[in-house]
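Q: Read off the chains here:
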Amino acid sequence: MSLETPVLLKRIPTAPWGDPADRKLVAYDDYVAADGYAAYEKAAGMEPGEIINEVKAAELRGRGGAGFPAGVKWGFLPELDDKPRYLAINADESEPATFKDQLVINTDPHSIIEGILICMMACQLDTAYFYIRGEYHHHRETFEAAIVEAYDKKILGENARCGKINNRWPNLYLHRGAGAYICGEETGLLESLEGKRGWPRIKPPFPAVAGAFGRPTIINNVETLANVPFIMLYGADTWKQNGKGRPEGAPPQVPASFGTKLLGISGPVKRPGVYEEDLGVKLTDVIDRLGGGPRDGTRIKAYFHGGISMGVISQEEAEAGVELDFDIGKKWNNLGLGTACITVVPEHVSMVAMARNCARFYSHESCGQCTHCREGTKWLYKMLTRVEAGDGTTKDLDMLLELSASMGSMPGNNICGLSDGANWAIRTIINKFWDEFEAVVSKQKMVSLAVVGA
Amino acid sequence: MAWLTKNSAAPIERRDEPYLSESFKADFEAKYAHRYPTRRAMALPILHAIQHEYNWLPPQALEEAAAFLEIEPTDLLDTATFYEEYFIQPRGKHTVWVCQSVSCEVMDEAAITEAIEDELGIEPHQTTDDGKVTFMKVECIGACGGAPCALFNETLHENLTPETVVQELRKLD
Ligand SMILES: Cc1cc2nc3c(=O)[nH]c(=O)nc-3n(C[C@H](O)[C@H](O)[C@H](O)COP(=O)(O)O)c2cc1C
Ligand code: SF4
Ligand code: FES
Numbered sequence: 001m002s003l004e005t006p007v008l009l010k011r012i013p014t015a016p017w018g019d020p021a022d023r024k025l026v027a028y029d030d031y032v033a034a035d036g037y038a039a040y041e042k043a044a045g046m047e048p049g050e051i052i053n054e055v056k057a058a059e060l061r062g063r064g065g066a067g068f069p070a071g072v073k074w075g076f077l078p079e080l081d082d083k084p085r086y087l088a089i090n091a092d093e094s095e096p097a098t099f100k101d102q103l104v105i106n107t108d109p110h111s112i113i114e115g116i117l118i119c120m121m122a123c124q125l126d127t128a129y130f131y132i133r134g135e136y137h138h139h140r141e142t143f144e145a146a147i148v149e150a151y152d153k154k155i156l157g158e159n160a161r162c163g164k165i166n167n168r169w170p171n172l173y174l175h176r177g178a179g180a181y182i183c184g185e186e187t188g189l190l191e192s193l194e195g196k197r198g199w200p201r202i203k204p205p206f207p208a209v210a211g212a213f214g215r216p217t218i219i220n221n222v223e224t225l226a227n228v229p230f231i232m233l234y235g236a237d238t239w240k241q242n243g244k245g246r247p248e249g250a251p252p253q254v255p256a257s258f259g260t261k262l263l264g265i266s267g268p269v270k271r272p273g274v275y276e277e278d279l280g281v282k283l284t285d286v287i288d289r290l291g292g293g294p295r296d297g298t299r300i301k302a303y304f305h306g307g308i309s310m311g312v313i314s315q316e317e318a319e320a321g322v323e324l325d326f327d328i329g330k331k332w333n334n335l336g337l338g339t340a341c342i343t344v345v346p347e348h349v350s351m352v353a354m355a356r357n358c359a360r361f362y363s364h365e366s367c368g369q370c371t372h373c374r375e376g377t378k379w380l381y382k383m384l385t386r387v388e389a390g391d392g393t394t395k396d397l398d399m400l401l402e403l404s405a406s407m408g409s410m411p412g413n414n415i416c417g418l419s420d421g422a423n424w425a426i427r428t429i430i431n432k433f434w435d436e437f438e439a440v441v442s443k444q445k446m447v448s449l450a451v452v453g454a
Numbered sequence: 001m002a003w004l005t006k007n008s009a010a011p012i013e014r015r016d017e018p019y020l021s022e023s024f025k026a027d028f029e030a031k032y033a034h035r036y037p038t039r040r041a042m043a044l045p046i047l048h049a050i051q052h053e054y055n056w057l058p059p060q061a062l063e064e065a066a067a068f069l070e071i072e073p074t075d076l077l078d079t080a081t082f083y084e085e086y087f088i089q090p091r092g093k094h095t096v097w098v099c100q101s102v103s104c105e106v107m108d109e110a111a112i113t114e115a116i117e118d119e120l121g122i123e124p125h126q127t128t129d130d131g132k133v134t135f136m137k138v139e140c141i142g143a144c145g146g147a148p149c150a151l152f153n154e155t156l157h158e159n160l161t162p163e164t165v166v167q168e169l170r171k172l173d
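These protein sequence lines map, in sequence, to chains A and B.
Letter by letter, the first sequence follows residues 1 to 454 in the working numbering.
Letter by letter, the second sequence follows residues 1 to 173 in the working numbering.
Read the hints as simulated data drawn from the structure, not as lab findings.
Do not rely on the hints blindly, as some may be mistaken.
[Unchecked claim] Partner residues aside, some chain A positions facing chain B, computed with beta carbon under 8 Å:
| id | residue |
| --- | --- |
| 1 | 17 |
| 2 | 96 |
| 3 | 179 |
| 4 | 204 |
| 5 | 206 |
| 6 | 349 |
[Stated by the list, open to error] For lysine-lysine, the following DSS-like pairs were computed, each having C-alpha atoms within a straight-line distance of at most 25 Å:
| id | chain 1 | residue 1 | chain 2 | residue 2 |
| --- | --- | --- | --- | --- |
| 7 | B | 25 | A | 196 |
| 8 | A | 395 | A | 330 |
| 9 | A | 244 | A | 282 |
| 10 | A | 83 | A | 196 |
| 11 | B | 137 | A | 378 |
| 12 | A | 10 | A | 24 |
| 13 | A | 153 | B | 31 |
| 14 | A | 83 | B | 25 |
| 15 | B | 171 | A | 196 |
| 16 | A | 382 | A | 432 |
| 17 | A | 10 | A | 56 |
| 18 | A | 154 | B | 31 |
| 19 | A | 282 | A | 432 |
| 20 | A | 24 | A | 270 |
| 21 | B | 137 | A | 382 |
| 22 | B | 25 | A | 164 |
| 23 | A | 330 | A | 240 |
| 24 | A | 244 | A | 56 |
| 25 | A | 56 | A | 330 |
[Said to hold, decoys possible] One side of the interface only, derived from the structure: several residues of chain B facing chain A at Cβ under 10 Å:
| id | residue |
| --- | --- |
| 26 | 24 |
| 27 | 34 |
| 28 | 138 |
| 29 | 139 |
| 30 | 164 |
From a predicted model like this one, the values you see are computed outputs, not experimental measurements.
Heads up, the beta-carbon is just placed ideally off N, CA and C, and yes, glycines get one too.
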């Protein structure tokens, strides 16, 4: 199975359809020449409810990590009153190993702007904020320039061709972050937008009811919205021809994986980069066919398949047939598909070092509100540093597992998903690569400790 | 270091000339005020603007910005200290940000860091004595396909080697 024609990378040369060396900015005129803004015009002639129904019918699931169905989220909004309503576009992209949205932002920004406007029409949101991480400097300039073009061409702003939305002319503003992973969490993002520290909020209330500035707000990832113009233009059924449906006879509650997905490949492969494939593609296929396989002399040991927060997949699991779809978590003992950006871990890199790297990330990026997360991640990092240095004991390994398993919004003692990420990353690395951990701890104190503990 | 408070207890050095000139404020107001329903929402943009101008966030400038946003200076400081990109202490003329997350670590970021340390004679999160370069190690900068990578100020450098990173450092003036 391989994708015949790209949906999201239609105008961005990518193998096997094009050569990345030919990539250049798709400006407004180029965009329009390639079907651009036709979906915008079409949506402008539709009722908001019709647009939402189409997106619901497509079963478009969020591409930011959690995989929540976009159409369902859009349906959570309350009835209109006469005050503003907001859209926040999540372009924070700070999950380690994740670099998929940046390609579209930097190369085909109008495809995102079109998706944004269709979402605004569907949900009756008059103002949109594009929250982009602070480190995307070139991307920020490109996107700002595209926004200016969109105002000039009356896609946005006063006398916009789509007319008023929620009784106001639609506006889109770029809002620059300043280097904090937690601002990718949707309510941390809203706090940051409001000019505060990016402390995630306790939910409920959910942002659809009380979000930015206390008003109804929809938050979607860049890639999620970039899918919307295609769905509008060609219909949900055509869009659903890509990807993977639910198994034969499965009830609608079973998550389907329709559509394509942007995939990032990094680490020691021959052709790292961003690719597009059907959801449901085999992990080994992605690495070999798209990534060109491991670099000469390298053997692969493991993968972070969705950013680090989803945990790891071993090479044995990959060879046993791991597929990148929304069911990956249940099937292969990890947290989920995540961002579908894959880091290849070669044989010579220690998994203890990888765990230490992840723990350092979480301890550094924890926002500090919840005790378990703030202290727990710090503690994980300290212990793993010690274990890596060869000063760990077997007891440390048990404690690492116990500690990481106790953290998270799913165990229920933390506000947001950062701690779940720490939980799954550390726990799956240790469990799936137990031997490596045992080898470094057993060297020194294990024997004497066994005596002490006896 | 999102939740560690950066040292903010230094005495405030004051100068007569305001950091935020009338024309700066007027331009900023025209560009940003209509975008948000509250003035506080201009916090991140104004901090970026001040840092763009002065390369860091002088305490007096923060006070002036807080007055401009009609919030308490402590509230603005609270925001500023949360974000890694804001410097509430002076930094070097150039800032080099090296990614240390997983994709870069597996592509031997350690060799890049070592080369920088040797070339500059400083450790991460320090500034060279001549005030030229501040060296930061940070988490994923979203360019993992080109690991190991670093930002030199606002310019991205990918697929670095110890040799190329030193060459780039020597180009900084
Ligand atoms: C700690 C944390 C960090 C996150 N970072 C991002 C991010 O950088 N980009 C993103 O799109 N979603 C991120 N998310 C997911 C968002 O909270 C949210 O689910 C998503 O933006 C919703 O958009 P979607 O439904 O279109 O995927 C993060 C979540 C958590 C818990
Ligand atoms: S779980 Fe961690 S990152 Fe999330 S709100 Fe709590 S302390 Fe902050
Ligand atoms: S891991 Fe280094 S840029 Fe993403």
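Q: Within a Cα-Cα threshold of 25 Å, do residue 171/B and residue 196/A meet the stated pairing?
A: Violated, at about 37 Å.
Q: Does the CB of residue 34/B sit less than 10 Å away from some CB of chain A?
A: holds (9 Å)
Q: Assess, step by step, whether the Cα of residue 154/A is no farther than 25 Å from the Cα of residue 31/B, and give holds or violated.
A: holds (19 Å)
Q: Under the criterion of a CB-CB separation shorter than 8 Å, is residue 179/A in contact with chain B as hinted?
A: Hint holds; residue 179/A Cβ to chain B Cβ min 4 Å, cut 8 Å.
Q: Could you grab the alpha-carbon distance between residue 244/A and residue 282/A and see if it respects the 25 Å cut-off?
A: holds (12 Å)
Q: Given the hinted pair residue 25/B and residue 164/A, is their alpha-carbon gap at most 25 Å?
A: violated (31 Å)
Q: Taking 8 Å as the limit, does the beta-carbon of residue 206/A come near enough to a beta-carbon in chain B?
A: violated (20 Å)
Q: Does residue 349/A meet its interface restraint, that is, does its C-beta lie within less than 8 Å of any C-beta in chain B?
A: For residue 349/A, the interface hint holds, since the closest Cβ of chain B sits about 5 Å away, which is under 8 Å.
Q: With a cut-off of 25 Å on the C-alpha distance, tell me whether residue 395/A and residue 330/A pass.
A: Violated, at about 29 Å.
Q: Given the hinted pair residue 244/A and residue 56/A, is their alpha-carbon gap at most 25 Å?
A: Roughly 16 Å between the alpha carbons, so the hint for residue 244/A and residue 56/A holds.
Q: Min Cβ distance, residue 138/B to chain A: is it shorter than 10 Å?
A: holds (7 Å)
Q: Hint check: is the beta carbon of residue 164/B less than 10 Å from a beta carbon of chain A?
A: violated (17 Å)
Checked against the numbered hints listed earlier, the structure breaks hints 1, 4, 5, 8, 14, 15, 22, 26 and 30; every other hint is satisfied.
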